[in-house]
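S.K.: Listed here are the chains, written in short residue letters.
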Amino acid sequence: MHSAEVLLRGTGISRRWGGLTALDNVSIDVARGSVHAVIGTNGAGKSTLVNILSGELEASAGSVHLLGQDVSRWSQPRRARAGLGRSYQRNTIYPSFSVMENCRLAAQAMHQQPWAWWQSASSCVKSMQAAQDAAAQAGLKDCLDREAGLLSHGQKRQLEIAMCLATQPSVLLLDEPLAGMGAEETERMLELLTALKASHAMLLIEHDMDAVFRVADVITVLVNGQRIACGDPEAVRNSPEVRVAYLGDH
Amino acid sequence: MRAQLPKFLFVLASFAALAVFPHVAGKFGVDLATKIMIFAVLALSLELLVGTTGLVCFGQAAFFGIGAYAAVLLSPSDGPASLATLLPLCVLLAAAYALVVGALSLRTKGVYFIMVTLAFAQMAYYVVHDTPLGGGTDGIYLMMKPALGDWLDLDKPLVMYRFTLLCLLATFVFLALLGRSKFGHALAGIRVNEQRMRATGFSTYPYKLAAFVVSGGIAGLAGFLFAVKDGFVNPEMMSWHISGEVLIIIILGGLGHLRGALIGAFAFALLQEFFRSEAIFGEFAKHWHLGLGLTIIASVALLPRGLVGIPGQLFGRKPGAHGGGALAQATPTKAGHA
Amino acid sequence: MDLTTFLIQCLNALQYGLLLFLVASGLTLIFGIMGVINLAHGSFYMIGAYMAFALAPLVAATVGGGFFTTLLFGLILAVALGYLLEWAFYSFLYTREHLQQVLMTYGLILVFEELRSLLVGDDVHGVQAPDFLSGSIPLGDMMVYPVYRLFISGVCLLLALGMYFVFAKTRLGMMIRAGSTNREMVQSLGIDIKFLYRVVFAAGVAIAVLAGMVAAPVSSVYPGMGGLVLIICFVVVVIGGIGSIRGALLASLLIGVVDTFGKVLVPQVAGVLVYVLMAVILLWKPDGLFKAG
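These protein sequence lines are chains A, B and C, in that order. First residue of the first sequence: 1, per this note's numbering; consecutive thereafter. First residue of the second sequence: 1, per this note's numbering; consecutive thereafter. First residue of the third sequence: 1, per this note's numbering; consecutive thereafter.
Keeping only pairs whose Cα atoms sit at most 25 Å apart, straight-line, the calculated DMTMM-like set for lysine to aspartate or glutamate is:
hint: 1; chain 1: B; residue 1: Lys27; chain 2: B; residue 2: Glu273
hint: 2; chain 1: C; residue 1: Lys291; chain 2: A; residue 2: Glu56
hint: 3; chain 1: B; residue 1: Lys35; chain 2: B; residue 2: Asp153
hint: 4; chain 1: C; residue 1: Lys285; chain 2: A; residue 2: Glu58
hint: 5; chain 1: B; residue 1: Lys27; chain 2: B; residue 2: Asp230
hint: 6; chain 1: A; residue 1: Lys141; chain 2: A; residue 2: Glu191
hint: 7; chain 1: A; residue 1: Lys197; chain 2: A; residue 2: Asp142
hint: 8; chain 1: A; residue 1: Lys156; chain 2: A; residue 2: Asp210
hint: 9; chain 1: A; residue 1: Lys156; chain 2: A; residue 2: Glu191
hint: 10; chain 1: C; residue 1: Lys285; chain 2: A; residue 2: Glu56
hint: 11; chain 1: B; residue 1: Lys286; chain 2: C; residue 2: Asp122
hint: 12; chain 1: A; residue 1: Lys156; chain 2: A; residue 2: Asp142
hint: 13; chain 1: B; residue 1: Lys109; chain 2: A; residue 2: Glu58
hint: 14; chain 1: C; residue 1: Lys291; chain 2: A; residue 2: Glu58
hint: 15; chain 1: C; residue 1: Lys263; chain 2: B; residue 2: Asp138
hint: 16; chain 1: A; residue 1: Lys197; chain 2: A; residue 2: Glu185
hint: 17; chain 1: B; residue 1: Lys7; chain 2: A; residue 2: Asp145
hint: 18; chain 1: B; residue 1: Lys109; chain 2: A; residue 2: Glu56
hint: 19; chain 1: B; residue 1: Lys286; chain 2: C; residue 2: Glu114
hint: 20; chain 1: B; residue 1: Lys286; chain 2: C; residue 2: Asp123
hint: 21; chain 1: B; residue 1: Lys7; chain 2: A; residue 2: Glu147
hint: 22; chain 1: A; residue 1: Lys197; chain 2: A; residue 2: Asp232
hint: 23; chain 1: B; residue 1: Lys27; chain 2: B; residue 2: Asp155
hint: 24; chain 1: B; residue 1: Lys27; chain 2: B; residue 2: Asp150
hint: 25; chain 1: B; residue 1: Lys35; chain 2: B; residue 2: Asp138
hint: 26; chain 1: B; residue 1: Lys27; chain 2: B; residue 2: Asp153
hint: 27; chain 1: A; residue 1: Lys156; chain 2: A; residue 2: Glu187
hint: 28; chain 1: C; residue 1: Lys263; chain 2: B; residue 2: Glu236
hint: 29; chain 1: A; residue 1: Lys156; chain 2: A; residue 2: Glu56
hint: 30; chain 1: B; residue 1: Lys109; chain 2: C; residue 2: Asp287
hint: 31; chain 1: B; residue 1: Lys35; chain 2: B; residue 2: Glu278
hint: 32; chain 1: A; residue 1: Lys197; chain 2: A; residue 2: Asp210
hint: 33; chain 1: A; residue 1: Lys197; chain 2: A; residue 2: Asp70
hint: 34; chain 1: A; residue 1: Lys156; chain 2: A; residue 2: Glu185
hint: 35; chain 1: B; residue 1: Lys109; chain 2: C; residue 2: Glu97
hint: 36; chain 1: A; residue 1: Lys141; chain 2: A; residue 2: Glu184
hint: 37; chain 1: C; residue 1: Lys263; chain 2: B; residue 2: Asp130
Just so you know, the hints here were simulated from the structure itself, not pulled from any lab data.
Let the hints inform the model, and build the full structure from the sequences given.
M.R.: In structure tokens, the structure reads:
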């Protein structure tokens, strides 16, 4: 973890809403080739952290560095174009478009050319190729023409990831990719996440503890907006603070 | 591709019908059809905003009026203006106002946006209504209609009709191309889930502003045509009732479909003629707004996908590109997105 | 401008602003609490104005009553109308998108305008203020100010205070405030949300109608007056912030001042000033001056 390149770094991030503190001085590093999982009870601040890292929300204090650059003041679209991909807990796919079109539209973000009004969008070879690659990576090669709204839940979550991959980001922020999945779908998704690990820096929010301990290299535990533990899975599992505050008696 | 063929044929047939219409219609028919086509252009401009991008603008009348007033105010009093310079100028001026209004309005969301666009249109209305610039409530006359050399005499109704048809066709083709371009696809994505587009890397504000400006320009074209056709403009062209009517037209026709704007314009005009007809309603005809109002309420309540969606509703077809009710897809839901 | 003229314009601005506040507060409440954007709200104001014109002779002939009796009858009719409308029409709009609400209430405007046209005609009318309020009081040495305008301000102020009292101090007000921020919770507390909505809507209608009735003697009664009031109310809501009564009050007074002084100082552009004000505030605060509450 220490020798690998840190692609995303959050330093001393705090977020206050009036009198309420959602995040208190949280720091987090996400390195290439690793999965950094963030776990915690509901309302612990996980989503707030991801929102601040992705640029959707402004921090009250602290900074965010992406690929070595200070992006704290950057808008979310700008960070996304710089290589920060994000998936959501609830599906944000476009249900009435095909799988291919979902991916193509996402890929278009890196090849925008909005002035070319006479050219058909699908004539852009680069975005079409990126879309196909992303869909294939996410295991959706065989259903490119299907209407996204008609996919199974597991496939929709895969599409959610595919849309992330279509812009060829270096950092992935994944918000509960396993949400609502059955055993077989979870297995498939974990294989996908493991396959993506090698070439990306991944931050993962998840509630499924078995999955987290299987796939994560580093775990950060948030409770009431504070980081109470950060380390490799075994260390976290055995940490007394964590056992008391979050895992209960295992 | 197969699903596109009937739509394409329908549009082709419509334009063919419009092309031959003057040969079978009398003077009144040609005049009415010209007016309807102008409103179809206006409707197409609003369709780009509401149907494609999901921006419910209640101020289209302002851009319509500016295009019209510019046509009159910029025409010299001693001779015909050149069509080649006047038309683009009117479009540009309308687009310029759209740039200003859009830049401010797009800072707001949801219901605010609807109200703000209405207010800005009302502002333009008061400029022409109260200040000497607009000639007040009496309106202004266009002394001589613009011409293109010797061979385009817009004073002749038939020539005006064909020119309007040409403009309608050009607008339709332009918007169709825009719809399948990257820009159009991005707008569609913004309509369905703006947050997702931002998370993917699209800066959505410039896209929305661009759509607003293009829409304003096209509305200005419609205004130009209207001013040239009648040779007269007055502040009522910028009345918020015009904005409301255009909105009704595209909903009636079917949101999210270019041909919906065409169908809606003709359907609305026919509805107006129907309710205004003394032959059918006798003395009650002067209260035609009543029938119109009730029809609007009924059509919004009963025809969620507009007239375009009737075949689908009747035959229970699976929802197409804008499934599950065009209105549902076209506007951000109140709960927002995940 | 000398002091007396200035004072007169201030009083006019206050009167116009307070009147605007009454109408706008109904609009912002109905949107803030029920989530319905109601284009027909201006029509209620128009209905009130025409009621002042049409009811007065009726009331005088049947019950022999004067101005206040007419107001009372108008109020009762307005509450009944609001109740009926909510039940028959508006309750179907709560779950629909804004665009549909906009269009259906726009259709309703057309229906109201034509019904008015059928019942009372399309003429412009003047309405006489009651005799005992028709005088003027002296202001300084040279000027006088109409008593009736002071009466309007008084009524509006009274109603505004009444609204504040209901919202801040009563159980009903508490339920309304709760309902505006969390509908489901209020329902789960056993409060009949449907009844609450009906009451709020009827109140909003009644206030707008009353404003129209009271304002009729100073603004003439004409077709299309509803639309104009509506748009200004929209500006009030945009400036003040949706759902915020405080914001509506501040915005209304601001508009009252800008519009009144504008008409006196720069009459040519007076109509535009209000929108310029809105544009300026939007640049600074796109969500309006206050949040809901």
